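J.: Here is how the chains run, residue by residue.
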Amino acid sequence: MDGRDVAVTINGVRVRVPEGTMILQAARTAGYEIPSLCFHPDLRPNGTCGMCVVEIEGVGVRRSCCTPAGDGMDIRTNTPRVMDTRRTLIELILADHAADCPICDKHGKCDLQRIGQDLGIREIRMAPKEVFSRRSDGGIVLRDPNKCILCNRCVTVCTEVQGVANLTRIGRGYTSKIGTAFDLPIEDSVCVNCGQCVVYCPVGALSSRDDTREVRRSLADPGKHVVVQEAPAIRAALGEEFGLSPGAVVSGKMHAALRKLGFDRVFDTNFAADVCILEEGTEVVRRILSGSPDLPVITSCSPGWIKFMETFYPGLRSLVSSAKSPQQMFGALAKTYYPREAGLKPEDIVSVSVMPCTAKKFEADRPEMRSSGFKDVDYVLTTRELARMIKESGLRFEDLADAPADELMGSYTGAATIFGATGGVMEAALRTAYHLVTGRELENVDILPVRGMEGVKEAVVPLPLPDGGTLDLKVAVAHGLGNARRILDVIRNQLETTGRSEYHFVEIMACPGGCVGGGGQPFGSTLGTRAERGSGLYEEDRTLPSRKSHENPAVQRLYETFLGSPCSEKAHHLLHTAYVERERVHGRAAG
Amino acid sequence: MIPLMHVILDVGAEAEQAGARKFREVLEAKLRKEFLSEDVRIVESANLGVSGQGVCMLVYPDEVYYGNLKLSDADRIVDQHFINGKPVEELFLDSPEMRRLMAWRRREGIIKKGRGRVVLDNVGAVDPENLAEYKSRDGFRALAEAVRGGTPEGVLDTVKRSGLRGRGGAGFPTGMKWEAVREAPGDRKYVICNADEGEPGTFKDRIILEGDPFRVLEAMALAGYATGAEEGYVYVRGEYRTSIDRLENAIRKSREAGYLGRNILGSPFSFEVRVKEGAGAYICGEETALIESLEGKRGTPRLKPPYPVTEGLWGRPTVVNNVETLANVPPILRNGADWFRKFGTERSPGTKIYLIIGHVVSPGLVEVETTTSLRELIYGYGGGIRGRRRLKAVQVGGSSGGIFDPSVLDEAMHFDALKEKGGILGSGSMLVMDETTCIVDMVHGILNFFLHESCGACFPCRIGNERLVRTVNGFRSGSARPSDIDLLEEIASAMKVASYCALGQSPFLPLSTAIRYFREEFEEHVNGKCRAGVCRFKVLKERQEARRWTVVMSR
Amino acid sequence: MTTSQIIRSLEPTQDNLLAILHRVQDANPANFLDQPELREVADYLELPYSFVYGVATFYSMFSVKPRGRHVVRVCASPPCHLMGGRTIRDELREYLGVEFGDTTEDGLFTLELSSCLGTCGIAPAMMIDGEIFGNLDGVRLREILDRKRREEP
Ligand SMILES: Cc1cc2nc3c(=O)[nH]c(=O)nc-3n(C[C@H](O)[C@H](O)[C@H](O)COP(=O)(O)O)c2cc1C
Ligand code: SF4
Ligand code: SF4
Ligand code: SF4
Ligand code: SF4
Ligand code: SF4
Ligand code: SF4
Ligand code: SF4
Ligand code: FES
Ligand code: FES
Ligand code: FES
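Chains as they are written, first to last, in this note's numbering: chain B, 1 to 591; chain U, 1 to 555; chain F, 1 to 153.
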């Protein structure tokens, strides 16, 4: 808006808000919450639930989530009329809903449950719906239509934020439902498994596959040696499940908890993230300096993005770095390098990862991800699943003493930890690329233009070349696949028209905010909490002894004793991969 | 040469089967023999509004229906009726009620009085596929005058002064709407004719489109001229095949003759019209859902504001007007606002097409002044209640309208009629129910309609309608509790407050009026009594029925 | 015309989606929109498959499931209901031996419910493949359906 303010009165309280502010948010300024089900601050309001109705003097009843506050409005949020309406509505919804809260994934984080409580509904005067549809999906993103309130948030996020448009409303009226094209099961669709729909669902209608049972079984099996890795973004969000605020970094407690859960070795994905930088950084530098036509190099560590690319932009496959994601690099090393060093048999090792991400479950299951000769990562848990295991085991997380990760594949640099935030991979890679190109160390490692929640960030980074010249490295960072589409369309267009793109290096993360906003993170993500988690990671970066991947001694040791050099043949075999083209109905690999 | 008489021959499947084509040949031969070929024009219609009566035809301007015709009847009709002016009563549609009605109509001179004076004056009197006939009745004169000597302001001013109100249900002043579009910023604007007519009990727009399509095009061009729009769309419901064909034909002929297209009649004004067809969704009659559908999307209503007058089709200022509304425009411009205001009341000037259906002797439609009372409509034009039964209730205004008892019979049916009783004029449909009707059962039918047609976007309407139907089913099946009467009203009023568009707000009126006027019947049903004997209280059977609906709707 | 030609007979703009779907469905011998057809329409208009599927399932005249050669749509709106619509619905079910939404075994008829067809003056009414039949009663109903049957080659 043009920066003007409007004055409104809400329940007698006068407030000034910027023009264009919706009444729902203006009311918050005045100290009043208005119940809402379909509204989410990150999404375009669709005004479908009707819970947020308020009365405006002289105008009548309006939906506060999608009615802008107008100058001089006299608004009442709690008149008998709107309160009665909300209560009847909630009763209607609950009578139409399989309310089995104690066994629901969203329990305690569910908007419907909370509003039912807040409104003091103690009786449903209507008979429950007799025939509930059965849940149908296997796969990673799970649906329970019996709990779906048809708020359409998932459709909006999948279509408008993620640009995948896998979900749609099917049919009309009371029997309409959420589904995919041709009503295929989600696991047999173009879903990229980003899990954003799960995150934005206000109730428990969407959830993700639970793998804790298998992990528990492995932990209990004396014949198995179970190692675990945890992604960067976990540590800035896990605490939320235990009452800490978003962005509180809990690396130490996390390592301690995992050890208490019985993992034989508690390593850290961050170690692999540092490896990843060396591999990918080397690839970037080589491609740029050799004048390869395959530019820009696009990052490859987000499996949501990879499946998206394989489905919707298969023509750009050659641009994407061949480096695997840190999770899979770790997995490949956990069943080769680690058993060699520890004197174990690879077949006895169970490799578990804890990820902020639902797509990582898909990635670990890809047929390509078996370069150790075994399934490189056996089980992927989300942040939420780890929190549940901790709670189930009765661990008092808050009281745990900080502990470090195990040596060998556990130490990490600040560059690795910022992987979890949008722009982090780019920043980490630039810190090392500078060293690779110039042989010198970057003085100021904070590359601010690639940080922050702007959808597409661009920067020009001058790199001094050995011959005395300077290469103006043009980089771009996109998070959220809708934003990715924007930059990809530019690149594709440049390639089609001129044969070259002006960009050298592009980071794409499937989820808004990067992995801190992943589909496996604690519920309640907004762009705000995502940013706070990101800040937590940048905070940890600042406090770590080393902030550049190539300075990680454990990584240096890995290359010296096992891999040789970055992008060596062995490294290529274990740490790099190739992509497929996918067909646009089922998302299966074509051909 | 303009014919003196029109024969509208039914060529629907059944009539065809009964030999309609052959009959036409014989009739044509006879007309040739009598040198009447130019005076009597035969027009084919796939749907004459009668059914199961063999070869049928309707003769205009006398409005006489013949049915079950044999080939030999052609000569007789021509000799006796066309030449000597004496309709052949024995051949009138073979139903005692129809005969009685015909006789009564002639006696009372109803035909003349009831003939449309503003909107329907061409319907049945001109060949809807023939531009020359339309022109011969002053067709396109208003447009020609406007683009040659008039100004957009002049057109707008006349429409405003006429006091014309929208016939699509809400009665919004048309001039104000046009003015808002005219004043809205934007280089491209649109005119949409809403021909999605889906309101149960309503078929007036179809009659206009099938009978006088050129008039609608002329009106759209005038709307474009007045508002600064150069493109128009007619959104026709997919079921109206004949209307779509007639419109396409009329557009083609109007373009060829320079009444549509670039530089109309050599003036700087250009206007194009395209036809868009719906695909079976009542909600697409709601103007913003219509716009979504026209853009090729699911027909889900948009958030308002913004309203179409500022952000409509493709985000541009858009006039959306009902067919009947538009059909009023050319005569208003030809005859002036004062002429128009001579009809009807001060606040509802003009005439209105009323649909009189249900348990009346002669269901159909009539265009009369808005001063006409419900009694005249039912007992005059509708021929009274069939089978000498007593009137029990009437639902005024379509499915969203109130259900009243006979105490409202003397109300005049203008736009603000029944307002203090909570009623609306809506589409002008009058659904007449005699004493064999069970009000609870009717309410169930009405609610089922809303359930079936809810777009499902918003919670109150989606879940509320299902719950209403389910609760009313309790009354029909004898499983309702006394408190369910209040529950019905509670749900409907929450829907009224919180539904996103008018469809979800609609059940309130029929339901609350039914309860107000016929509460006793609801109470009787709780105790397992249906005074009309319609509900048989077989709990199980009704359950099955309810499920069937769900199955059907989920397709 | 092949399906591709039918699809391409209109400009590839989104506002032609409904019109294209109508044409494609009319040309489909089983009276419905099958998956390859919907995909081709979506590709032609550059729309996501899910979007086109969402549209195709919104409108009651479209079907994404195969239907019989004739689609019988009987009006279930209040005016027809009042004039004996319920009996007509029962008779239809009984005579065709199928429930609403289903197709007769011989593949001839699919029975559907419809909202008001705009012919309430001749209630109760039904529509078979775009053609209206009104003033229905049990006898006429059978006659009409029998005739349709006989017309089949
Ligand atoms: C559920 C619903 C259905 C409607 N159906 C129609 C319709 O079939 N035809 C129509 O002209 N208006 C219909 N309307 C009204 C339109 O939204 C709009 O008010 C009208 O087309 C404006 O034209 P008018 O000003 O000429 O009346 C409907 C409204 C609602 C809420
Ligand atoms: S979705 Fe919410 S209300 Fe429903 S069962 Fe889960 S927690 Fe309870
Ligand atoms: S909260 Fe209430 S409903 Fe839920 S488990 Fe406890 S007692 Fe049962
Ligand atoms: S996981 Fe992502 S791609 Fe899949 S349906 Fe959900 S939002 Fe869409
Ligand atoms: S699945 Fe969740 S987000 Fe999607 S419509 Fe249902 S309740 Fe809303
Ligand atoms: S891509 Fe995301 S999940 Fe994977 S290592 Fe990086 S930050 Fe962690
Ligand atoms: S951005 Fe991170 S959390 Fe999201 S899909 Fe990619 S790897 Fe997973
Ligand atoms: S009120 Fe009904 S028809 Fe209107 S938007 Fe809501 S669900 Fe759709
Ligand atoms: S929160 Fe406003 S309508 Fe749902
Ligand atoms: S895979 Fe190494 S930086 Fe992305
Ligand atoms: S109610 Fe059946 S056709 Fe109108």
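Be aware that one or more of the hints could be misleading.
Covered by chain F, according to a simulated footprint, are these stretches of chain U (three or more residues, beta-carbon under 8 Å) [to be verified]:
| no. | stretch |
| --- | --- |
| 1 | 5–15 |
| 2 | 70–83 |
| 3 | 189–201 |
| 4 | 346–360 |
Below, computed lysine-lysine pairings styled on BS3-like, alpha-carbon distance capped at 30 Å [claimed, not checked]:
| no. | chain 1 | residue 1 | chain 2 | residue 2 |
| --- | --- | --- | --- | --- |
| 5 | F | 148 | U | 70 |
| 6 | F | 65 | U | 22 |
| 7 | B | 260 | B | 391 |
| 8 | U | 297 | F | 148 |
| 9 | B | 177 | U | 304 |
| 10 | B | 375 | B | 570 |
Which stretches of chain B does chain U cover? Using the computed rule of at least three CB atoms under 8 Å from a CB of chain U, they are [as the list claims (entries may be wrong)]:
| no. | stretch |
| --- | --- |
| 11 | 79–85 |
| 12 | 93–106 |
| 13 | 165–173 |
| 14 | 298–307 |
I should point out that these hints are in silico values taken from the structure, not numbers from a laboratory. Fair warning: this is a prediction, and the values are worked out from it, not measured in the lab. Note that beta-carbon positions come from the ideal geometry of N, C-alpha and C, so glycine has one too.
J.: Are the hints correct? Go through all of them and say.
T.: Here's how the hints hold up against the structure:
{"no.": "1", "hint": "5–15", "verdict": "holds (count 3)"}
{"no.": "2", "hint": "70–83", "verdict": "violated (count 0)"}
{"no.": "3", "hint": "189–201", "verdict": "holds (count 5)"}
{"no.": "4", "hint": "346–360", "verdict": "holds (count 4)"}
{"no.": "5", "hint": "148(F) to 70(U)", "verdict": "holds, 23 Å"}
{"no.": "6", "hint": "65(F) to 22(U)", "verdict": "violated, 40 Å"}
{"no.": "7", "hint": "260(B) to 391(B)", "verdict": "holds, 12 Å"}
{"no.": "8", "hint": "297(U) to 148(F)", "verdict": "violated, 35 Å"}
{"no.": "9", "hint": "177(B) to 304(U)", "verdict": "holds, 24 Å"}
{"no.": "10", "hint": "375(B) to 570(B)", "verdict": "holds, 18 Å"}
{"no.": "11", "hint": "79–85", "verdict": "holds (count 4)"}
{"no.": "12", "hint": "93–106", "verdict": "holds (count 3)"}
{"no.": "13", "hint": "165–173", "verdict": "holds (count 4)"}
{"no.": "14", "hint": "298–307", "verdict": "violated (count 0)"}
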